[in-house]
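**Q** Sequence:
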Amino acid sequence: MKSIETTINNIKQVTDIRNTSTGKPLAANWCKGTGLGGLTDIFFNYVSITGQSKPLPLKKAAIIACGDHGVCAMNVSAYPQKTTIDMTRNYLVSKGAVANAMTNFSATDMLVVDMGIAADMSSLPGLINKKIAFGTENFVYGPAMTRDAAVKAIETGIDLADKLAAKGYNCFLLGEMGIANTTSSAAIAAAICGLTAEQATGRGTNISDSRLKIKIDVVKKALAVNKPNPADGIDVLSKIGGFEFGCLAGVILGAAAHDCLIILDGFNTSAAALIAQALCPLSAKHMMPSHLAGEPAHQAALQKLGLSPYIDLRLQLSETAGSSVIARFIDLAVQIYDMLRTDTFPDADILPDPPATTQYSLDKDIMSTCQERIDNLTKPIKCLGKFEDIAIFLAGVLKKVQPVMDDVTANKALLLPYILATSRCLKIPVTNAYAAEKVGLILIDGALHMLNDMKTFAEAAVSVANDGPGAGRQKSTY
1 MKSIETTINN IKQVTDIRNT STGKPLAANW CKGTGLGGLT DIFFNYVSIT GQSKPLPLKK
61 AAIIACGDHG VCAMNVSAYP QKTTIDMTRN YLVSKGAVAN AMTNFSATDM LVVDMGIAAD
121 MSSLPGLINK KIAFGTENFV YGPAMTRDAA VKAIETGIDL ADKLAAKGYN CFLLGEMGIA
181 NTTSSAAIAA AICGLTAEQA TGRGTNISDS RLKIKIDVVK KALAVNKPNP ADGIDVLSKI
241 GGFEFGCLAG VILGAAAHDC LIILDGFNTS AAALIAQALC PLSAKHMMPS HLAGEPAHQA
301 ALQKLGLSPY IDLRLQLSET AGSSVIARFI DLAVQIYDML RTDTFPDADI LPDPPATTQY
361 SLDKDIMSTC QERIDNLTKP IKCLGKFEDI AIFLAGVLKK VQPVMDDVTA NKALLLPYIL
421 ATSRCLKIPV TNAYAAEKVG LILIDGALHM LNDMKTFAEA AVSVANDGPG AGRQKSTY
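Per my numbering, residue 1 is the first one in the sequence shown, and the count goes up by one each step.
Note that these hints are calculated values from the structure, not bench results. Fair warning: there could be bad hints in the mix.
[Claimed, not checked] Mimicking EDC-like on lysine to aspartate or glutamate, the simulated pairs with C-alpha atoms at most 16 Å apart in a straight line are:
1. Lys382 <-> Glu372
2. Lys455 <-> Asp375
3. Lys221 <-> Glu198
4. Lys12 <-> Asp259
5. Lys54 <-> Glu198
6. Lys382 <-> Asp259
Everything numeric in this text was worked out from a predicted model, so none of it was measured.
Could you put the whole structure together from the sequences, leaning on the hints where they help?
**A** This is the structure:
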């Protein structure tokens, strides 16, 4: 495997391509369009990071790194530790997790890696076995892992990125699974961003007030006992991190060394990015943000990385939900660029204000049934924010518990005001009517993939919540 030092030495500065001679034709062509809002930043960040004078479609790989955490014993999650095992099987056998639905939606190849699951997973088909240990140590009492193990985790991620880049992948979406790992993320963010435990720690899998108090206390103790050095990414990882965070930090470094794009997802992937940035500040220039997660330290983590989220969908997990949306937006931006370059971009009205939504007739019983299904899909309850809202609304309008995109297409005239309003999730809204419609349809497509591709806890044999609002609402028999 390539060493961390060798990889870092291959990471170059990223220059805004609009300020280069090769990028001026790109900028001139793009400026033929008006009202493209946040798609402009997304497009130019992509071509600047990859150095493309002729933008190419993405070849996307999602890395889902899995590992268990000793700190789970402190009762900091709404789910039992065996959920890490259950969800890893769900990715590869039932194929009914958020990551499956969203990589289907974004046409992304998904790899699932065992970095440190606390069980023998060798018989699970399709799982990439890179296990370093059967979970980390409980970092309340001392380091989560040895420094050598932290280095090995990072170098494993570098090796994965090297091999994927050699196969032509130019875009990496990051994801993870590990019960209690938002406790580790909170500790990492506190250490590197200079936050208190209270400022850094959130509800993770939607835990109760009582467990949140425990979790804050655990993060506080971990920082006091281990005293991680924020200037040393390996020290932070070894003391308060997890094997999956090391892997993802390595993927970031490896991808950056190949001038590939890394799209971050939720808070946990940003914690891995903080580790990578501590090791190589230039690596952050190769990252693209996606959404702002519900965890309180996510904003601080993104600011430390020098990034600002493009979308706000109220997502609260890191299974490529937000990064898949940005990948689809990049695909759309490349298509729009080709149309602008060839003067085939359709003339479209500019939307000066958010379109007024029609007074739709809604079937409340169907909406309630759709809500119950969504609550029982294999994810923390209420963690998919606006995707859940979109799916439930469409179920009510279309009088169908599980509508599909063909239903939306068949009723596009009716739904067009809602489609255009949905596009406003971009922080810099798209006001070009053609582009706004495409953005809105992408978001609706993501919501319906979530609704239709995911499996329930019963279907996938995954443990349900035992704390917080999911306890009792999520059923192992639904």
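**Q** Work down the list of hints and note, for each, if the structure agrees.
**A** Results for each hint:
Among the hinted pairs, Lys382 with Glu372 is consistent with the structure: their alpha-carbon atoms are about 11 Å apart, no more than 16 Å. Straight-line distance between C-alpha atoms of Lys455 and Asp375 comes to about 11 Å, which keeps the hinted pair within the 16 Å bound. For the proposed pair Lys221 and Glu198, the alpha carbon gap of about 12 Å is at most 16 Å, so the pair holds. Proximity of Lys12 to Asp259 is assessed by CA-CA distance (about 8 Å); at most 16 Å being required, the pair is judged to hold.
This hinted pair does not check out: Lys54 and Glu198 have alpha carbons roughly 47 Å apart, beyond 16 Å. Of the supplied pair hints, the one linking Lys382 and Asp259 is violated, its CA atoms being roughly 36 Å apart against a limit of 16 Å.
Checked against the numbered hints given earlier, the structure breaks hints 5, 6 and satisfies all the rest.
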